[in-house]
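Number of protein chains: 2
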Amino acid sequence: MTNDESGFALRDATVAIIGLGLMGGSLALALRAKNACRRIIAITSNAATREQLRARNIADETSADLTRASSADLIVLAAPVRTIIAQLPRVGAIARAGAIVIDLGSTKREIVRAMDTLPAHIQPIGGHPMCGKEKAGFDAADTDLYRNAVFVLAPLERTTPATVTCATSLAASVGARPLVLDPARHDKIAAAISHLPHTLATALMLTVDEIARDDDLTFALAASGFRDTSRLAATDVTMMLDILLTNRENVANLLRACAHQLNHLADSIADGNENALRATLERAATKRRELFK
Amino acid sequence: MTNDESGFALRDATVAIIGLGLMGGSLALALRAKNACRRIIAITSNAATREQLRARNIADETSADLTRASSADLIVLAAPVRTIIAQLPRVGAIARAGAIVIDLGSTKREIVRAMDTLPAHIQPIGGHPMCGKEKAGFDAADTDLYRNAVFVLAPLERTTPATVTCATSLAASVGARPLVLDPARHDKIAAAISHLPHTLATALMLTVDEIARDDDLTFALAASGFRDTSRLAATDVTMMLDILLTNRENVANLLRACAHQLNHLADSIADGNENALRATLERAATKRRELFK
Numbered sequence: 018m019t020n021d022e023s024g025f026a027l028r029d030a031t032v033a034i035i036g037l038g039l040m041g042g043s044l045a046l047a048l049r050a051k052n053a054c055r056r057i058i059a060i061t062s063n064a065a066t067r068e069q070l071r072a073r074n075i076a077d078e079t080s081a082d083l084t085r086a087s088s089a090d091l092i093v094l095a096a097p098v099r100t101i102i103a104q105l106p107r108v109g110a111i112a113r114a115g116a117i118v119i120d121l122g123s124t125k126r127e128i129v130r131a132m133d134t135l136p137a138h139i140q141p142i143g144g145h146p147m148c149g150k151e152k153a154g155f156d157a158a159d160t161d162l163y164r165n166a167v168f169v170l171a172p173l174e175r176t177t178p179a180t181v182t183c184a185t186s187l188a189a190s191v192g193a194r195p196l197v198l199d200p201a202r203h204d205k206i207a208a209a210i211s212h213l214p215h216t217l218a219t220a221l222m223l224t225v226d227e228i229a230r231d232d233d234l235t236f237a238l239a240a241s242g243f244r245d246t247s248r249l250a251a252t253d254v255t256m257m258l259d260i261l262l263t264n265r266e267n268v269a270n271l272l273r274a275c276a277h278q279l280n281h282l283a284d285s286i287a288d289g290n291e292n293a294l295r296a297t298l299e300r301a302a303t304k305r306r307e308l309f310k
Numbered sequence: 018m019t020n021d022e023s024g025f026a027l028r029d030a031t032v033a034i035i036g037l038g039l040m041g042g043s044l045a046l047a048l049r050a051k052n053a054c055r056r057i058i059a060i061t062s063n064a065a066t067r068e069q070l071r072a073r074n075i076a077d078e079t080s081a082d083l084t085r086a087s088s089a090d091l092i093v094l095a096a097p098v099r100t101i102i103a104q105l106p107r108v109g110a111i112a113r114a115g116a117i118v119i120d121l122g123s124t125k126r127e128i129v130r131a132m133d134t135l136p137a138h139i140q141p142i143g144g145h146p147m148c149g150k151e152k153a154g155f156d157a158a159d160t161d162l163y164r165n166a167v168f169v170l171a172p173l174e175r176t177t178p179a180t181v182t183c184a185t186s187l188a189a190s191v192g193a194r195p196l197v198l199d200p201a202r203h204d205k206i207a208a209a210i211s212h213l214p215h216t217l218a219t220a221l222m223l224t225v226d227e228i229a230r231d232d233d234l235t236f237a238l239a240a241s242g243f244r245d246t247s248r249l250a251a252t253d254v255t256m257m258l259d260i261l262l263t264n265r266e267n268v269a270n271l272l273r274a275c276a277h278q279l280n281h282l283a284d285s286i287a288d289g290n291e292n293a294l295r296a297t298l299e300r301a302a303t304k305r306r307e308l309f310k
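In the order they appear, the protein sequences are chains F and Z.
The first sequence begins at 18 in the working numbering and counts up one residue at a time.
The second sequence begins at 18 in the working numbering and counts up one residue at a time.
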């Protein structure tokens with residue numbers, strides 16, 4: 018692999034993916050479908066997933082052993098956020114000189130801070146593809162998951178332009194739209210458009226479940242509105258927990274702001290304050306319709 | 018039309034639908050597609066909709082004039098809740114003796130209370146099909162909207178068993194699943210599984226829009242999670258306003274309960290209370306997965 022100013026040749030590279038759940042599995046499927054790299058090494062402790070990866074010829078090599086990533090030109094960390102942080106020192110100890118290390122974690126500041134402690138001969142960059150599902154694991158993986166998704170790239174100060182180019186070509190190779198973004202800025206935005214919706218879905222599920230304890234017909238009446246608004250409550254708990262605990266201040270602030278909105282709406286409704294309520298609903302409806310035409 | 022113990026013959030009936038938006042329009046489409054009744058009279062002030070109904074032969078008669086419902090065996094009120102309540106005295110004044118009046122409104126107590134003031138020669142029953150879309154108007158109408166939806170029937174004390182049978186056959190004729198339910202019980206459940214999700218979507222949209230004012234990349238990162246959780250914020254504002262203002266206490270109580278959940282989650286996150294947070298997320302995720310397998 019050449020990794021110089023002339024550009025990174027992904028098609029000649031060996032890519033090791035550590036973690037073959039929804040995100041890592043979908044990446045492996047897309048890279049293989051596009052024949053985008055020379056070799057794929059899939060590293061997962063899940064024996065059934067390794068067996069599938071071999072049987073379907075998605076990976077050239079499978080292993081439960083993280084040290085098998087030592088021959089890779091590009092190492093992709095695709096576990097939940099705190100697992101990635103725990104894996105980084107081990108990756109740093111085995112990665113070959115010049116190897117690029119990128120992650121797919123849902124928060125960026127703490128990962129990028131941990132990446133900064135990697136040996137100088139390794140090139141780290143943070144990554145976060147803005148796509149997902151409420152289902153976890155390789156069985157939920159999808160060749161088209163990354164297609165048209167924004168793929169955030171969060172460089173460190175030490176990250177070279179050539180590494181940004183490499184990460185850009187990885188994102189583009191699976192149909193995603195690369196977007197370079199400061200890690201702190203990413204975490205603040207992700208709290209609003211991703212972590213807040215997740216937590217709202219959880220709060221909705223818990224609030225309605227309280228009603229369902231008193232009336233066993235409650236969920237029988239639930240239709241597409243409830244289904245869609247609560248969907249994210251089914252998200253993998255370990256992944257979600259890692260997100261919330263590595264983006265605490267941003268998420269907590271937004272939850273409180275949203276709780277304030279709800280209490281304000283409750284007051285307008287209880288008081289029958291029609292004009293205020295109409296203005297508030299119009300503002301939200303207009304904005305939502307503008308966004309998703 | 019015979020409307021006795023032997024059952025209601027919808028196929029011989031003239032059905033007047035007042036309001037040809039998403040709900041009334043979809044009902045007209047489904048009744049016509051199934052050839053379920055003898056005649057359809059479509060009453061709407063929207064000239065373009067009337068033109069479409071005639072051009073596509075969906076209605077046998079169209080009019081802007083509510084009094085044209087006077088020949089109907091079955092009158093379906095399909096406007097927003099407070100419009101239905103305003104229309105009921107006019108419907109009572111023109112409906113023929115023995116006519117059945119049903120509505121499709123999203124709350125039931127206030128409508129059923131207004132129905133109780135109809136003349137004794139009219140048979141009223143409340144109705145609420147548990148289906149919908151965030152889009153309004155006849156252009157959003159869909160022949161299959163009612164298919165497999167629960168169709169709540171809310172009888173009054175005066176409602177005869179034959180009228181319940183008639184409403185049941187209307188619901189079944191468009192593929193819905195009739196469910197007889199007390200109006201107050203309906204409104205409490207609907208607040209939880211429908212009005213709360215709507216209002217949460219509104220609060221989400223407003224909270225994220227605040228962040229977007231400070232960072233113009235905010236919505237660029239929004240993906241399917243935000244899209245689905247915010248979908249209901251685009252719901253027709255007049256319809257939503259009528260729902261909230263005719264189910265005030267139930268909705269306000271649930272909004273406050275949900276705000277309490279959010280503040281509690283914010284505390285757990287801010288404090289890094291991992292065990293409590295995991296237990297809460299697990300509870301919501303388990304319940305959501307059970308519900309939508």
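None of these hints come from the bench; they were simulated from the model.
Any given hint could be a false lead.
When chains are identical, the list treats them as one kind, so a pair holds in a single copy or across two.
Stated by the list, open to error - Calculated pairs, DSSO-like style, for lysine-lysine (alpha carbon to alpha carbon, straight line, at most 27 Å):
| id | residue 1 | residue 2 |
| --- | --- | --- |
| 1 | K150 | K304 |
| 2 | K310 | K150 |
| 3 | K150 | K205 |
| 4 | K150 | K51 |
| 5 | K304 | K205 |
| 6 | K51 | K304 |
| 7 | K205 | K152 |
Practice item. Check each numbered hint from earlier against the structure, then list the numbers of those it violates in ascending order. Key: Violated hint: only 6; rest satisfied.
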